[in-house]
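Visitor: If you want the building blocks of each chain, they are given just below.
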Amino acid sequence: MLTLNKITKHYNPGTVNELCLFDQFDFSVKDGEFVAVVGSNGSGKTSLLNIICGSIDVDGGSILVGEQDITNKKDFLRHRRIGRVYQDPSKGTCPSMTILENMSLADNKGGHYGLRRGVNKARIAYYREILEQLGLGLEDKIHTQVGALSGGQRQAVALLMSTMTPIDFLILDEHTAALDPKTAEIIMGLTDKIVKEKQVTTIMVTHNLRYAVEYGDRLVMMHEGKVILDKSGEEKKRIDTDEIMGIFNRISVECGN
Amino acid sequence: MALLLSVLEQGFIYAIMALGMYITYKILDFPDMTVDGSFPMGAAIACVLITKGIHPALTLPVCFLAGAFVGMLTGLIHVKCKVRDLLSGIIMMTALYTVNLRIAGRANLPIYNMETIFDNSFVNGIFTGASADYKTVIVIILIAVVTKYLLDWYMSTKSGFLLRAVGDNDTIVTSLGVDKGLVKIVGLSIANGLVTMSGCVFAQQQRFFDISTGTGTAVIGLASVIIGTSLFKRLTFLRVTTSVVIGSVIYKGCVALAVRMGLSSSDLKLITAALFLAILVLGMERKKKVKTNADAE
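Chain order of the listed sequences is A and B. With my numbering applied, the first sequence covers 6 to 262. With my numbering applied, the second sequence covers 18 to 314.
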């Protein structure tokens with residue numbers, strides 16, 4: 006269970022550009038839930054993810070994982086139990102290293118990065134096996150530099166890497182936004198498969214309303230730092246894309262977009 | 018022949034330094050000016066230890082550790098005090114000028130007629146007769162090659178993987194649950210350890226320490242790295258570290274040629290700067306860098 010308690014976040018405090026994004030913001034995610042978060046630009050979706058991951062500090066409030074308060078925990082320490090895939094496919098992998106080296110790095114997450122060999126030869130067969138499941142032919146390219154792969158292939162590798170070790174949360178930050186529609190479809194299908202297999206608690210921010218409706222078991226819409234729609238279970242199953250689109254347009258018109 | 022020997026000696030000494038700069042410049046993308054201070058620091062420490070009668074072979078590990086410490090300080094200034102990379106190096110370089118004077122006790126310290134890593138009972142026992150002329154170059158090449166292989170080995174370890182990752186994309190290091198600042202500090206430490214060791218070998222070959230030996234070290238190192246990496250870019254069978262070593266020898270060869278063509282040794286720094294500019298422009302390094310930053314993919 007992830008709980009955000011009365012979170013307050015200001016940008017540029019003390020200047021004319023001061024912006025209060027979150028004021029006493031409450032949010033919680035149950036274990037094993039797959040939450041899709043939608044909302045217009047500036048609604049606070051990505052800030053929400055950054056706050057959970059510790060990439061940005063909060064001005065007030067607390068963040069709890071179960072009973073544990075992680076509000077002041079450093080970002081890299083939080084990431085030991087968080088898998089994260091970014092919008093930019095190059096953020097989740099190291100371009101100058103090979104697929105094999107990238108996967109070896111990810112496989113050691115949470116462990117000690119000492120003077121042992123970087124690539125554990127005994128694990129290569131396993132890497133090939135999980136790459137094969139992607140169906141992109143990457144299992145034959147493990148010695149290729151990731152920088153030479155297409156955006157979709159890189160994102161697929163990034164997704165695998167982020168879920169290789171046991172994690173408490175999978176954070177997806179518009180991870181299909183930079184891909185062409187067909188590749189996005191493949192990555193989205195793959196995401197769903199991994200989430201179901203690993204039963205990992207997932208928060209996915211997306212601009213694609215259809216994905217938000219089709220995938221996941223809870224849908225949250227944010228606007229100006231507030232949750233304005235939160236549907237889960239049977240309610241979530243009943244909503245369709247047009248309905249969401251309608252609400253989305255209404256709030257967008259209100260703020261003049 | 019004497020010219021060739023001198024180019025090889027100088028080239029391989031500076032190759033050790035260039036390997037360090039390869040870590041900072043190519044891997045970490047950190048233009049490290051600390052080297053202008055850590056290189057002469059190696060020279061100062063070597064000369065002082067040798068005058069005190071310490072075995073010359075011991076100067077190498079001592080210098081590496083001292084350099085690693087200095088690199089760590091640059092890293093701490095950059096990471097913990099959030100000072101820009103270039104400025105962190107300049108601060109350390111300036112501070113080290115005084116430190117080097119304090120270590121040596123004066124602006125120059127000769128070690129003529131004393132034992133060095135090239136001139137001691139062990140080395141002299143191996144190289145007798147005609148081969149004695151080549152003992153210096155052989156010892157230097159040996160040190161440079163061993164250093165290169167040690168660096169190659171390090172780069173293939175888990176820790177080395179992190180170092181490569183942090184220069185490539187530091188977001189992923191955070192994602193892996195590792196403090197990226199710490200990885201940068203480790204990289205700067207190893208780099209400056211190598212640079213200081215290079216200064217240590219340099220002083221023993223020249224048989225003196227001079228406070229001004231450090232000026233231009235960063236430029237020489239960068240030039241070697243860029244020559245090596247851009248000339249041999251297409252030769253994929255060649256490891257980058259090997260290219261950097263060869264780059265350093267080529268660079269020293271170019272400088273030796275320029276001096277041969279009638280320029281005096283007081284013109285050296287100007288030649289160094291001009292050559293560096295030429296390499297930068299011809300190597301298209303700048304353009305490529307701007308481009309990769311621009312499309313960020």
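Honestly, the hints are just simulated from the structure, not real lab data. Please note that a few of the clues may not be correct.
Stated by the list, open to error - If you want the footprint, here are the derived chain B segments under chain A, 3+ residues with CB under 8 Å:
id : segment
1  : 167-180
2  : 187-194
What the hints assert, rightly or not - Computed, partial: chain B to chain A, Cβ under 10 Å:
id : residue
3  : GLY184
4  : LYS197
5  : VAL200
Said to hold, decoys possible - Far from chain A, some chain B residues (derived; all Cβ distances over 12 Å):
id : residue
6  : THR68
7  : ALA85
8  : GLU132
9  : GLY198
10 : LEU280
None of these values were measured; they are calculated from a predicted model. Built from N, CA and C at the ideal position, the CB exists for glycine as well.
Visitor: Each hint: holds or not?
Guide: Hints, verified against the model:
| no. | hint | result |
| --- | --- | --- |
| 1 | 167-180 | holds (count 8) |
| 2 | 187-194 | holds (count 7) |
| 3 | GLY184 | holds (8 Å) |
| 4 | LYS197 | holds (7 Å) |
| 5 | VAL200 | holds (8 Å) |
| 6 | THR68 | holds (35 Å) |
| 7 | ALA85 | holds (15 Å) |
| 8 | GLU132 | holds (33 Å) |
| 9 | GLY198 | violated (9 Å) |
| 10 | LEU280 | holds (39 Å) |
In terms of the numbered hints stated before, the structure departs from hint 9 and from no other.
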